[in-house]
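Turn these sequences into a full structure, and let the hints guide you.
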Amino acid sequence: DQQVKQNSPSLSVQEGRISILNCDYTNSMFDYFLWYKKYPAEGPTFLISISSIKDKNEDGRFTVFLNKSAKHLSLHIVPSQPGDSAVYFCAASGPTSGSRLTFGEGTQLTVNP
Amino acid sequence: NAGVTQTPKFRILKIGQSMTLQCTQDMNHNYMYWYRQDPGMGLKLIYYSVGAGITDKGEVPNGYNVSRSTTEDFPLRLELAAPSQTSVYFCASRSSGREETQYFGPGTRLLVL
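Chains as they are written, first to last, in this note's numbering: chain A, 1 to 113; chain B, 1001 to 1113.
Check before you lean on any hint, since a few could be wrong.
Listed next, with one range per pair, are the computed distances between beta-carbon atoms [unchecked claim]:
| hint | chain 1 | residue 1 | chain 2 | residue 2 | range |
| --- | --- | --- | --- | --- | --- |
| 1 | A | Ala70 | B | Asn1062 | 18 to 24 angstroms |
| 2 | A | Pro40 | B | Pro1075 | 23 to 29 angstroms |
| 3 | A | Glu58 | B | Glu1079 | 44 to 50 angstroms |
| 4 | B | Arg1109 | A | Gly83 | 22 to 28 angstroms |
| 5 | A | Gly83 | B | Glu1079 | 37 to 43 angstroms |
No lab work stands behind these hints, which were simulated from the structure alone.
Quick reminder that beta carbons are idealized off the backbone N, C-alpha and C, glycines included.
Next up, the structure:
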């Protein structure tokens, strides 16, 4: 039962263009969502989060959008840079999750110079 | 401030051998987690702890054991290594509060032959 799904294993974009990474969830109890970024041979690092009371959160080049009715969130990176090339994981938690996060499978983003 | 440290970085085990993966954090975090990441898969929670002396199972606990005798340390024990335990293992920690970010260590790559 995959409660958080990232349906695109990979995404390739040109430098300077927008990258859009998508994530879908099935558990309607999830109310807090995060994006993590992972470089090879390193641990994931936190990128941006959003609470279900919002539909958008922005931090510099990174914006996360949440559509609760569709149980869908997306991460927009504008403009994309070669250093953004990494695996991006979305994660979710809810009041019944306790202190646990449920992760998606990840999307490998490649930004071409 | 080293954050979350993990040792070893890489290990090869023979089937049936035992080992302990070490995890230490210096941020005085109450919550600590062990995840495994298999190729093309997201992070799966093995065990977690909400404080010294308290541990609980995650999604995939079979074949593993943990202990939490101090706030700083959260070792993961493999008693009888199996090829299915070949994976990359990440330790994470966070402070109290449901929307607090998890901080990850650099990972331990384990190969069981």
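These are the hints, each one checked on the structure:
1. The beta-carbon spacing between A/Ala70 and B/Asn1062, approximately 35 angstroms, falls outside the hinted interval of 18 to 24 angstroms.
2. For A/Pro40 and B/Pro1075, the Cβ-Cβ distance of about 25 angstroms falls inside the hinted range of 23 to 29 angstroms, so the restraint holds.
3. A hinted range of 44 to 50 angstroms for the beta carbons of A/Glu58 and B/Glu1079 is consistent with their spacing of about 47 angstroms.
4. Taking the beta carbon of each, B/Arg1109 and A/Gly83 are about 24 angstroms apart, inside 22 to 28 angstroms as hinted.
5. At about 41 angstroms, the beta-carbon gap between A/Gly83 and B/Glu1079 stays in the expected band of 37 to 43 angstroms.
Checked against the numbered hints listed earlier, the structure breaks hint 1 alone; every other hint is satisfied.
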